[in-house]
Every structure is written in structure tokens, then in C-alpha cells.
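Q: Now for the letters of each chain:
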Amino acid sequence: MNGLQSLSNDLAAAVERASRAVFAVNGRARLGSSGVHWRPGLVVTADHTVHVDEEVTITGPDGRALTARVAGRDPTIDVAVLKVDAPAVAVAEVADSDAVRVGHIVLALGSGPRASWGVVSSVGEGRMLHLDLTLYPGFSGGPLVDAQGRVVGLNTSGASRHWQLAVPAAAVSRVVDELLRRGRIPRAYLGVSTQPVRLPEPVRQRLNLDQQTAVIVVEVQAASPAAEAGLMIGDVIVSLGATRIADPTDLKSALRPDRVGESITASVIRGGEPKDFQVIVGERPRR
Amino acid sequence: MNALIDIAALAEHLRRVTVEVTDAGELLGSGVLWPAGCVVTNAHVVRRPEATLRLVDGRCLRARVLARDSDADLALLGVPGTGLPAATLAEPATIRIGSFVAAVGHPLGVRGALSTGIVCAIGPIERSGRPWIQADLHLAPGNSGGPLADAAGRIVGVNSRAAGPLALAVPMSAVERFVQAARG
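Protein chains in written order, with this note's numbering: chain A, 1 to 287; chain B, 1 to 184.
None of these hints come from the bench; they were simulated from the model.
Hints are not guaranteed to be accurate.
Unchecked claim - One side of the interface only, derived from the structure: several residues of chain B facing chain A at Cβ under 8 Å:
hint: 1; residue: I5
hint: 2; residue: D6
hint: 3; residue: L10
hint: 4; residue: H13
hint: 5; residue: C60
hint: 6; residue: R96
hint: 7; residue: I97
hint: 8; residue: L114
hint: 9; residue: A121
hint: 10; residue: D136
hint: 11; residue: P165
hint: 12; residue: L166
hint: 13; residue: L168
Computed from a predicted model, the values in this text were never measured in an experiment.
From the three backbone atoms N, C-alpha and C, an ideal C-beta is built for every residue, glycine too.
Same shape as in the complex, but just chain B (with noise of 0.2 Å):
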């Protein structure tokens, strides 16, 4: 294999699409910047009618949460003119069982961290419950709200949880009724 696998520059690009979301100096979870002038993280990273998001360039802005779904474990907070390209979505079709994906956040505080793996399975981890991208990958109290990305740096998902080594993300398809049915 001659072609370059360039990780870093995977890392650097996801790391500009994904937020540091506090309260009062408390590390609550990761966003994403999507669709634009919004972020996108989970409800139970939001808890209060709003958050403090911290951007890569290191400004911090006061952010209200515009909705909020906790069945779906997703919320959506209003961050106009930060001046910063929002995410670009994956198209649902090319996420494949064993494809690469990278998880950026801030796992136990630290910023910006990077894990990778690839699809382990789409769907439910048990019966009749709602469908996960679960990816064979490394997830920490902090990741949550961040973005899960495919080889490309397009977003396939959002980090909500793990189930031991396991982790589960909301697949964006999800994400994107949740926001149109927040926006009206």
C-alpha cells in the first residue's frame, strides 16, 4: 500500500468542526458544529437552558439550546456567526460494516483527543431498541456530543455512549430529522 494514510490530517479537520461544551468552568461533553450557526451534542450533555462552547480557535460563547430530545439523547444549541465552516455530513449509504471511522472529543478532559476504529455493526444492541452505529473504538466520559467521521472527515454520527469496548453513536440520519423537527 503506497498511498499516504495521512491520520493526523484527519484529526486536525475534525478537530475544527468539534466544540468544547461547559458550564461554569465544569467539562460537560463534545458538539459539532452542524448544520451552520448551530451545534449538535447530546441531551444529556446539556442539562440546562444553556452551555458555554468552547471553538478550536479557543473563543468561548455562551450558546442557548434551541431543543432538546432525550429519547433520542440529542440536543441542538444556536451559536450564530462564529465565523467557522460547519461539518459535512457522510452520505448514509457509504457507511459499511467494517469501514474506517475516527471519534474526536475530550475524553476525561483532554482536548482534542483522537480515537479510531472501524463500523463493527448498524443497529439496535438489543431487542426492539433504536439503531446505533457501533464502532469498534475508544470512547471516554467527555466524548459525548462529539463526532464520529468517516475516512474523508464526513460525519456519520454523533458519540453518545459506551458499552464497554463498544462504542454507539446516533447515526446522522437521526440527527438530521431531530434538527429539522427542532427548526420548524
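Same shape as in the complex, but just chain A (with noise of 0.2 Å):
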């Protein structure tokens, strides 16, 4: 046997080996979505693709249909947990996404199952997994998976029609966590409207700061973690828990659920000074 024949075995076994764990998701009128059972009784998928919020039918790899409910949403990252009594179906092998380089090959699966495959061509910010594949519809949810079968991530193209992205499996792992610890999912929040913003060129120097855009803060939230902690209209915030802020989006990415409770830096230009604030990031209240 030549190597690619056995690199072909060996894809194909990990398709086989994962797609275990793969269910179709029926949370939306029209194009289905795919979730992974992440830990008995847990089924994660991509948020954007669950437009129910108490009960999703989703059906497992022996076809079987089964009701789950929502359990909890990180819209943050495109991630809900649904739960499910399933104790036929395997849960999946989750590996440690960190050790995830890019040029890696990886397969995305979706229920069915089917399968694509590529490389990691960039690991962004948040160790958000950037592809150089095809999400076909109805993807969205299902594992991104190792050579060996071993999910690494979860694929979502939800946040944009241009990038083909996985959800790292560890920031998965962190939502399911958190949902087991406290029951639910919180929403973290500081209380700030931000539009983003150019760093004027002698700023970024005199600050020693490599990054082109930041946010400018808009409105502060009466009595919300971001007025407690001083934060004003015109703060310019650069980094929020030595997460990078160049963008709205980064801001979303930064307030994980985790983080509810925790005392964390925001680093803001105020009048073209370098101020940091401890904020403590809090829930937002529930409608």
C-alpha cells in the first residue's frame, strides 16, 4: 500500500470514528444544522443555527429521532448546548485544540454523515480556527476533526460568508463547563455601546501599541460593571483582559461566560493617555 492510499484509510476511518458522535439539528425552518455529543447528555452546535429557544428535534447517527432542549446559549462564540438523553449514541473524542497548527489537515463533517476536507490556514484571535475548506449547508454545528478522528473544533460559518471558521474545541469545552457549574449559561457584560475606531499614528507610537483600530465607547449603562468602574463616553479601549481590542467583535469575544465575576483590565486612551481600570465583568440581567 502507498501513502496516500494509506492517508485515504486513515481519513476515512477518522470520518467513520467521529461521525459517531453526529447528530442533525432541526432548529431552523428551512436548512438543518449538525451537532456534536460533546459529554453524555450534552449536544453542542452553532448558535446562529438554533431558532427555537425550548425544544429542537435532532436525530442521531442510527437516525433515530430525539426531542432536546435548549440548555444554554454563547452566542459570543456561535456555541448552544442542547440537552438530550442519549445513551446509545458515543460521545466524541475531544482533543486538545491548543496543540492545532496551522497546515494541519482536518476534516469538517456534518450528520449524514458527509465530510470535507483541508487545512488550517490561521488561527485568529481567541485561537478561533480559520479554514482553507468547504463548509457545505448544513455543516454548520458539526466537528472539525483531526487526522486521527479527534474533534478539535466546532465548525460554524455563521459569522461570516467569507471565512470558513471552527470554534476551538477548548472554548466549547469551557461553555459546556460552565453550563454543568452553574446550570446555565450567563451572558457577561460590561454596559458599553463602542463604535470602532482608527488609532491615530502618533498614539500608536508614543504607546508602543502594534494594533491599527481600537474601540471608542459611545454610551456607558447606569449602574452597569463598566460605570461602577469609571469607564466614560470617548475611552478609547484597547485591550480587555489582555485580550486585543480592535473591533466590537473582539469586545464580544473577550466577555466569555466564564469571565462573569472576574476582576479584569481594560486598558483605554483617555485624552491620549494610557489609563487601565479593574472592571468586574458582570451578568446581564435576564429579560
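Work from the hints to combine the two standalone chains into their complex.
A: So, in C-alpha cells, the structure goes:
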């Protein structure tokens, strides 16, 4: 057997292995999505594909339809967690997504199973995996697996039509752990509205910043964590809890659910001068 | 992974069993040298009773359409005495989702072009449609009728069309049935 044949067999074995934990998720009217049996009784999928708030029908690899309940969501990274009783369906083998490097061969799986392949093209902010592969319709919420069939991420094409992305497995596990710990997934918030802003070159040089843009605070909600910390309209946030903030999306992804209650540093520019604030991340009041 | 991955050798092997189907100098598509003395291609590639086949060694031969089935989108042409060995077929059971596949053809007139990917799914793309080998692989006009092969160069299907970035190939089992029926 030549090298190509053995690679081919490895890829097929990886699909077979990983697809045992893949569900079809019928969370929206037209196009279904996929989901991964992440922990016993917990299926994760792409949040943007779950339009219902209560019950969702999901179909296991054995073709059996089951009723799942939406247990929590983290729209900041496009993850929804569904609770279901599916003891007969295998639980995914989740690998360390921090070990994923640019150039690694990966497979994207959808329910069916269906598969596509390619490589990791870059690793972005929050270790989001940018992929050089095709996510076919219905692949959102399915697993990104390595050549051994271990899950390294959750595929999503929701955030952008131009990029094929996967949420790293570590971030998905954080959300699932948070749900198990608190019984729900809280939504972290600061209480600011922001807009992207370009940093003037002299300011960048003087403050030794490598980012071109940041976000400017255009609203501070009364009695919010931001107001308590002393943030004001006109402050330019350049980083939050060691995460560089280049646009409002970065701010969203820095506000992870597990950071609720944590004190983090907001580095801002006020009147041209750098200033650090300690902010205690709040939980967005539920409506 | 230390084993040599030689895709160039696979491409070379597939080019030997791939023909160019033309008529009056116009490129119509591709074809597979199989079974011996014949070429199989898509029905939509050959609409006239005869076509010209250009072999890998540059020889151009006139060939007659022996059978045509537009529902299955398959056609069989007779080319006796080429002296070239016919393609080898894969065992249907060896085709798995995720396994490596390669296509050779003449997309947009590019002679002997190779594209590679994996088997995405096997089955119809719409309810009650006919089964396809769906490959995660790029095809363009001119690939029609050419081979889809496994990692060992054995033919798994005849490339028929693209559905966006997805390649659709007629499974070899359907091609064999067509050829058997055509030969009586």
C-alpha cells in the first residue's frame, strides 16, 4: 500500500469514528445543521442555527429522532448546548485544540455523514480556527476533526460568509463546563456601547501599540460594571483582560461566560493618555 | 507520516486512461478507457453518432457511439485496437466517506488537469434522486465523462457535473450495469 492509500484509509477511518457522535439538528425552518455529542447527554451546535428556545428535534447517527432541550447559549462564540437523553450515541473524543497548528490536515463533518477536507489556514483571535475547506450547507455545528478523528473544533459559517471558521474545542468545553457548574450559561457584559475607531499614528507610536484600530465608548449604561469601574464616554478601549480589542467583535469574544464575576483590566486611552481600569464583569440581566 | 505521498504518479497513471472527446475540433469533454476496446463517457458529452477521441499519446481516433442512456447520463464508444490498457475499477465496498479521490479531465480545455479531494457523501442530492458519489473536489466544464479514482488509481466513478463546489460522479456500479446492458 502506498502513502496516499494509507492517508486515504486514515481519513475514512477518522470520518467513521467521529461521525458516531454527530447529530442532525432541526433548529430552524429551512436548512438543518449538525451537532456533536460533547459530553454524555449534552449536544453542542452552532447557536445561529437554533431559532427555537425550548425543544429541538435532533436525529442521531442511527437515524433515531430525539427531542432535545436548549440548555444554554453563548452567542459570542456561536455555541448552543442542547440537553438530550441519548445513551446509545457515542460521545465525541475531544482533543487539545491548543495543539492545532497552521497546515494541519482537518476534516469537517456534517450529519449523514458527509465530509470535506482541507487544512487549518490560520489561527485567529481567541484561537478561532480559520479553515481552507468547504463547509457545505448543513455543516454548521458539526465537528472539525483531525486526521485521527478526534474533535478539535466546532464548525460555523455564521459569523462570516467569507471565512470558514471553527470554534476551538477548548472554548466549546469552557461553555459546556460553565453550564454544568452553574446550571446555565450566563451572558457576560460590561454595559458599554462601542464603535470601531482608527488609532492615530502618533498615539500608536507613543503608547507602543501594534493594533491599527480600537473601540470608542459611545454609551455607558447606568449602574453597569463599566459605570462602576469609572469608564466614560469617549474612552478608547485597546485591550480587555489581555485580549487586544481592535473592533466591537473582539469585545464580544473577550466577554466569555466564565468571566462573569471576574475582575479584569480594561486598558483605555483617555485624553491621549493610557489608563487602566479594573472592571468586574457582570451578568446581563435576563429579560 | 513517513510513507511517500506521490500524487504526481497517480495523475500520470490516470492520464493514460483518460481521453479527450472532441468533434470538429471542439472539446466536448473527457472519457475513460474502459472496458477494453471502449470508452465510457457522459451522454451529454456525445450528442452525435460519432466523435473523435484524442489519446494520451496524441493519436486521434474516430469512434462510434455504441450506446447512449441520457437518463443515466452515460454513453459507450467503440475504439478497438488502441493498444492501450483499459482502466482498472475499484471494488465498490472500498469506497468510504472521507477516502481520497482524484479526478483527471480537460476542464476549460486544460489538458490532463488533476483535481483532488475526498468522498463527501454517497447518495442522492435531492429526495428520490439517483445516487451519486459526491466528492469534495473541484470540477469545471470539460471534466465531464472523465474518471474519478481512488488513491490507488482505480476508477470509482464517471464525473458528470458540479453542484457548486461539490463534484457529482456516476458510481461505477451504475456504469457497469449500463455497459452490460449495452453489450447485451
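Q: Would you mind marking each hint as holding or not holding in the structure?
A: Hints versus structure:
no.	hint	in the structure
1	I5	holds, 4 Å
2	D6	holds, 7 Å
3	L10	holds, 6 Å
4	H13	violated, 11 Å
5	C60	violated, 32 Å
6	R96	holds, 4 Å
7	I97	holds, 5 Å
8	L114	violated, 13 Å
9	A121	holds, 4 Å
10	D136	holds, 4 Å
11	P165	holds, 5 Å
12	L166	holds, 7 Å
13	L168	violated, 13 Å
In the structure shown, a violation is registered for the earlier hints numbered 4, 5, 8, 13, in ascending order.
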